[in-house]
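Produce the complete structure using the sequences and hints provided.
Chains as they are written, first to last, in the working numbering: chain D, 1 to 114; chain Z, 1001 to 1111.
Possibly wrong hints are sitting among the right ones.
Under the rule of at most 30 Å between Cα atoms (straight-line distance), these lysine-lysine pairs were calculated in the DSBU-like manner [unchecked claim]:
1. Z:LYS1056 <-> D:LYS31
2. Z:LYS1036 <-> Z:LYS1070
3. Z:LYS1098 <-> D:LYS31
4. D:LYS57 <-> Z:LYS1098
5. Z:LYS1070 <-> D:LYS57
6. D:LYS57 <-> D:LYS31
For each label pair, taking beta carbons as the anchor points, the in silico distance ranges come out as [said to hold, decoys possible]:
7. D:ALA107 <-> Z:SER1051: 25 to 33 Å
8. D:SER98 <-> Z:ARG1060: 17 to 25 Å
9. D:PRO83 <-> Z:ARG1060: 39 to 47 Å
10. D:GLU95 <-> Z:GLN1057: 17 to 25 Å
11. Z:GLY1015 <-> D:GLU22: 36 to 44 Å
12. Z:PHE1050 <-> D:ASP30: 21 to 29 Å
13. Z:PHE1050 <-> D:ALA107: 26 to 34 Å
14. D:SER80 <-> Z:ASP1078: 46 to 54 Å
15. D:GLY28 <-> Z:GLN1057: 47 to 55 Å
If you're looking for bench data, these hints aren't it; they were derived computationally from the structure. Beta carbons are placed, not taken as given, at the ideal position from N, Cα and C, and that holds for glycine.
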Amino acid sequence: EADIYQTPRYLVIGTGKKITLECSQTMGHDKMYWYQQDPGMELHLIHYSYGVNSTEKGDLSSESTVSRIRTEHFPLTLESARPSHTSQYLCASSEVVSGANVLTFGAGSRLTVL
Amino acid sequence: GEDVEQSLFLSVREGDSSVINCTYTDSSSTYLYWYKQEPGAGLQLLTYIFSNMDMKQDQRLTVLLNKKDKHLSLRIADTQTGDSAIYFCAERASGTYKYIFGTGTRLKVLA
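So, in structure tokens, the structure goes:
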């Protein structure tokens, strides 16, 4: 069962709309991540956070923004959606297990911008 | 920079073994990971291996690591139709908490 929740699972919106993708985890993890997964399956890190009030941009340039006001909550916002933002967005958090830093993923939010 | 490469597709018959290969570039990676993604879902951790190990076995899964060649493989014994999914190899960039994922290998198991 999922300990990291993403909503909405699917969203179809028009160009220019503002959207927020929600991500919550109940595991108390400090580190959280947003990945964008393109149709070719590859994952690209777009944002990450080491803890409350700490956010960094990832390797792939993104027009989205994130916030981390509470440990369990890491929402991603697009101020003005465009068709190029159509993608699958995956949220994850991580913890150390037997010395390895292990990611736990949400089920994803599939965004389509018309 | 860091890069992780995988072949895109693999097709096997039910009951056969599957071997998914991965090459990586960051020789300082401490851990290497295998994740599985089923249709419409996020990624699920399958297993990981510490860089000072050559092999790790976990039930039907065997991970082999050749650190000299920077080559990682995942063997699934007695592959079942439920194993059909996309498999991602990943390394954690040294000194950071950022992960580099491969392109994913789509495994199709034929009945």
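Structure-based check of all given hints:
1. Z:LYS1056 <-> D:LYS31: holds, 27 Å
2. Z:LYS1036 <-> Z:LYS1070: Satisfied, since the Cα-Cα distance of roughly 21 Å is no more than 30 Å.
3. Z:LYS1098 <-> D:LYS31: holds, 10 Å
4. D:LYS57 <-> Z:LYS1098: holds, 11 Å
5. Z:LYS1070 <-> D:LYS57: The hint holds at about 28 Å.
6. D:LYS57 <-> D:LYS31: Holds, at roughly 14 Å.
7. D:ALA107 <-> Z:SER1051: 25 to 33 Å: About 30 Å separates the Cβ atoms of D:ALA107 and Z:SER1051, which means 25 to 33 Å holds.
8. D:SER98 <-> Z:ARG1060: 17 to 25 Å: Given a distance of about 20 Å, which is inside 17 to 25 Å, the answer is holds.
9. D:PRO83 <-> Z:ARG1060: 39 to 47 Å: Given a distance of about 42 Å, which is inside 39 to 47 Å, the answer is holds.
10. D:GLU95 <-> Z:GLN1057: 17 to 25 Å: Since the Cβ atoms of D:GLU95 and Z:GLN1057 sit about 24 Å apart, the hinted range of 17 to 25 Å holds.
11. Z:GLY1015 <-> D:GLU22: 36 to 44 Å: holds, 42 Å
12. Z:PHE1050 <-> D:ASP30: 21 to 29 Å: With a Cβ separation near 22 Å, Z:PHE1050 and D:ASP30 satisfy 21 to 29 Å, so the hint holds.
13. Z:PHE1050 <-> D:ALA107: 26 to 34 Å: holds, 29 Å
14. D:SER80 <-> Z:ASP1078: 46 to 54 Å: Hint holds: Cβ distance 51 Å, inside 46 to 54 Å.
15. D:GLY28 <-> Z:GLN1057: 47 to 55 Å: violated, 31 Å
Consistency with the previously given hints fails for number 15 only.
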